[in-house]
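J.: The residues making up each chain are set out below.
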Amino acid sequence: MSATTAPTPAPGPATAGTEADGVLEVRDLAKHFPKGDQDLVALREFSITVRPGQFLVLLGRSGCGKSTLLNLMAGLTRPTSGQILYRGSALTGPSTEIGYLTQHDTLMPWRDVTRNVEMPRELRGQDKRSRRQEAQRLIELVGLGGFEHHFPRELSGGMRRRASLARMLAADPETLLLDEPFGALDAQLRTELQGELLRLWQGTGRTVVFVTHDIEEALLLADRVVVLGPVGSVLLDVEVDLARPRDPDEVRVDPRFVALHKSLSAALKEGAR
Amino acid sequence: MTATTGAVAGAGAGTEAGAGGPLQVQAARGFRDKHGRTTTVWAWRTALLVALVAVWQVLSGPVLDPQYVSSPLGIWDRLADWVADGTLWTNTWITIQEIVLGFVLGAGAGAVLAYLIAPIRVVWTILDPYVMALYAIPKVALAPLFIVWFGIGTDMKVLLAAVSVFFLVFINTAAGVHQVDPALIDAVRLMNGSRRDIALKVVLPASMTGLLTGLRVSIPYALIGAVIGELVASNRGLGFLISDSSAKFDTDGVFATLLVLSAIAMVLNGLVGLIDARTSRWKPLDA
Ligand SMILES: Nc1ncnc2c1ncn2[C@@H]1O[C@H](COP(=O)(O)OP(=O)(O)OP(=O)(O)O)[C@@H](O)[C@H]1O
Ligand SMILES: [Mg+2]
Numbered sequence: 001m002s003a004t005t006a007p008t009p010a011p012g013p014a015t016a017g018t019e020a021d022g023v024l025e026v027r028d029l030a031k032h033f034p035k036g037d038q039d040l041v042a043l044r045e046f047s048i049t050v051r052p053g054q055f056l057v058l059l060g061r062s063g064c065g066k067s068t069l070l071n072l073m074a075g076l077t078r079p080t081s082g083q084i085l086y087r088g089s090a091l092t093g094p095s096t097e098i099g100y101l102t103q104h105d106t107l108m109p110w111r112d113v114t115r116n117v118e119m120p121r122e123l124r125g126q127d128k129r130s131r132r133q134e135a136q137r138l139i140e141l142v143g144l145g146g147f148e149h150h151f152p153r154e155l156s157g158g159m160r161r162r163a164s165l166a167r168m169l170a171a172d173p174e175t176l177l178l179d180e181p182f183g184a185l186d187a188q189l190r191t192e193l194q195g196e197l198l199r200l201w202q203g204t205g206r207t208v209v210f211v212t213h214d215i216e217e218a219l220l221l222a223d224r225v226v227v228l229g230p231v232g233s234v235l236l237d238v239e240v241d242l243a244r245p246r247d248p249d250e251v252r253v254d255p256r257f258v259a260l261h262k263s264l265s266a267a268l269k270e271g272a273r
Numbered sequence: 274m275t276a277t278t279g280a281v282a283g284a285g286a287g288t289e290a291g292a293g294g295p296l297q298v299q300a301a302r303g304f305r306d307k308h309g310r311t312t313t314v315w316a317w318r319t320a321l322l323v324a325l326v327a328v329w330q331v332l333s334g335p336v337l338d339p340q341y342v343s344s345p346l347g348i349w350d351r352l353a354d355w356v357a358d359g360t361l362w363t364n365t366w367i368t369i370q371e372i373v374l375g376f377v378l379g380a381g382a383g384a385v386l387a388y389l390i391a392p393i394r395v396v397w398t399i400l401d402p403y404v405m406a407l408y409a410i411p412k413v414a415l416a417p418l419f420i421v422w423f424g425i426g427t428d429m430k431v432l433l434a435a436v437s438v439f440f441l442v443f444i445n446t447a448a449g450v451h452q453v454d455p456a457l458i459d460a461v462r463l464m465n466g467s468r469r470d471i472a473l474k475v476v477l478p479a480s481m482t483g484l485l486t487g488l489r490v491s492i493p494y495a496l497i498g499a500v501i502g503e504l505v506a507s508n509r510g511l512g513f514l515i516s517d518s519s520a521k522f523d524t525d526g527v528f529a530t531l532l533v534l535s536a537i538a539m540v541l542n543g544l545v546g547l548i549d550a551r552t553s554r555w556k557p558l559d560a
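Residue numbers (the numbering used here), protein chains in the order written: chain A, 1 to 273; chain B, 274 to 560.
Bound conformation, chain A alone:
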C-alpha cells in the first residue's frame, strides 16, 4: 500500500522518525469521482499535517471539497492517489480512534435517541447498564434531556444534530472530525455547544478537525485555520494566536481578531474567483 508512489523522498512504510509528526498526515491527496467518461476532480494534490492536540478549522466555500476530504480522513472512502497517515501508519479504513460527525445526519430512524447514542458502545460489546449510563450523560451534555425515547423523525434538525454529536462522543474518539456540526443551531445553543466542545478538547490531548463556513466560529475555536479554495487548494494557512478562553463578545473587538477576520474573509473572496 505504502511507498509505491516513488517521488516522495523515501518516507518508508513506518515514518516514526519524521519530527513533529502529525496525528494526521495527508500527502498529495487526490480524489476523482467518475462521471460518464469524464472524471470530476474534487480534490487535487492536497497535503496537510495536523499536529497532535491541534484544533484545526477548515474554512471554505461550498463545493470546495471539505466533506470529500473529511470522508477520506475518516477512512470511509479511498483516495484516487496520495495517502493519509494516522499516527504514522497508513489509514486503510474507519477506526474507532477517529470520530466523524458527517455533514448529514445518519441516526438510525428505528432507534430512539438513547439507543442511537449507545450504539457505538453496543457494537463494542459493552454491557447494557454502563452504556445506558454513558448515553444518558451524553444526552444531558448536548441538552437533549427529556427526549431519550423520541425517534429521530420526532426531533428537530438541530436536535438530531446534537443526538449525532452525542453518538459520536459515545465512541470516545481521540481525533474528532466535525463537518459543519453547529450549522443548524441557533446562536445561543451554538455558543453553548462550542463551549462544550472546547471543554472536551482542552487538556485532553484530543485533536479536532472542524469544517465550517463561518469565519467567526473559526476564530473562536481554532488554533489554526486553513482556507480552502477550489479542488482543495490551500489559500491561506494561519495560526490563531488569540488567548483562550475566548469570550465570544469580547474577542470580537480584539484588534488581532479583526485583522485575522479581514485576512480570512479576503482569502475566501479570492477563492471565489
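What the hints contain is simulated information worked out from the structure, not anything from laboratory work.
Hints may be right or wrong, so weigh each one.
[To be verified] Pair by pair, the computed Cβ-Cβ distance ranges are:
1. A:127 - B:389: 26 to 34 Å
2. B:322 - A:127: 53 to 61 Å
3. A:137 - B:370: 52 to 60 Å
4. B:406 - A:129: 34 to 42 Å
5. A:200 - B:308: 25 to 33 Å
6. B:389 - A:133: 37 to 45 Å
7. A:137 - B:481: 27 to 35 Å
8. B:407 - A:36: 32 to 40 Å
9. B:421 - A:78: 53 to 61 Å
Glycine included, every Cβ here is placed at the ideal spot set by N, Cα and C.
Fit chain B with the ligands to the given chain A structure using the hints.
T.: Using the frame of chain A, we list chain B with the ligands on its own:
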C-alpha cells in the same frame, strides 16, 4: 377543540426540556376526541349494510329473480343448514389450512431467499429479469401444471397459494434491502462495526418495511391461490363449495360461500392492520 383547555391545565405537569425544546404535556383528550370519528364511521358502515341487505331482500322476488341473485334470507337459510350439518365448518377449515400453510411457506421462502440473494448485487442483477418474468405469470395458469405434478390433493392448493405469496414477499423484501441508505451503513462502519453488525443492525431493520409490505400485500393472494386451486380441481374446501353449488344451480349456496370468503378476507385484513400498527412506530427520516 375542547382539548385545548385540557392541555393548558396539564401544562404544569409537563416536563420542561432544556435548550428551548418543545414542551411535553399530558394531553387531556375526551371520549369524543378519541373515539368520535370511529363511532361515526362505524355507524355509517352499519347503516349502509343494513340498507343494502333490506333493498336486496325487498327487490329479490318481485323485481329480481332469486334463481340468479339469491336473497339475504335464502343465504341465511343455506348458512344455517350448512352450519347444522357441518358442511360449512369442514370446508372452511380446509381452506383456512391451505391459506395459512401456503402463506407461511411462501413468505418464509421469499424472505429467506431475498435476504440471501438481494445483498449480493451481482447475483441479483443477473437473476432480476428471470424473477420478473416468473412473477408476471398469472398464477392460475400454473394450476394445471401443479395438478400434473402434485395431484389434486391439498398440496396443490397450498403450493398455488405459496407461489403467489413467494414472489410478492421476495420482490418487496429485496427492494427493502436495496433501499437501505448507504450513509447508515457508513455510520456503522465508522463505529468499526463488522459485516455482521451491518447486516443485523442496519440492513435487517431498514428492510423490515419492505418485508412487511410484502406480507401485507400477499395475504389476499394466499386466499386467491387456495380458492382457485379448489375451483379448478377439488372435492372439498370453499372453492369446491362454490363450484358444486353453481353446478346444481344453487345460487344461495354460491352467495353463502362468497359471504364466508369475504369474512375470512376481512379477518386477514385485520391481521394486516396489526402488522401496520407494528411498523408505523417509526418511519424513514425523509418520508
Ligand atoms: N459522491 C460524489 N460523487 C460525485 N461527485 C461528488 C461526490 N461527492 C462530492 N462530489 C463533488 O465534489 C465536490 C466537492 O464536494 P464536497 O461535498 O466535498 O464539498 P464541500 O466543500 O463539503 O461543500 P459544502 O460546504 O457545500 O458541504 C463537489 O463539486 C461535488 O459535486
Ligand atoms: Mg460538505
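J.: Against the structure, test the hints numbered earlier, and report the numbers of the ones violated in rising order.
T.: Numbers 4 and 5, in rising order.
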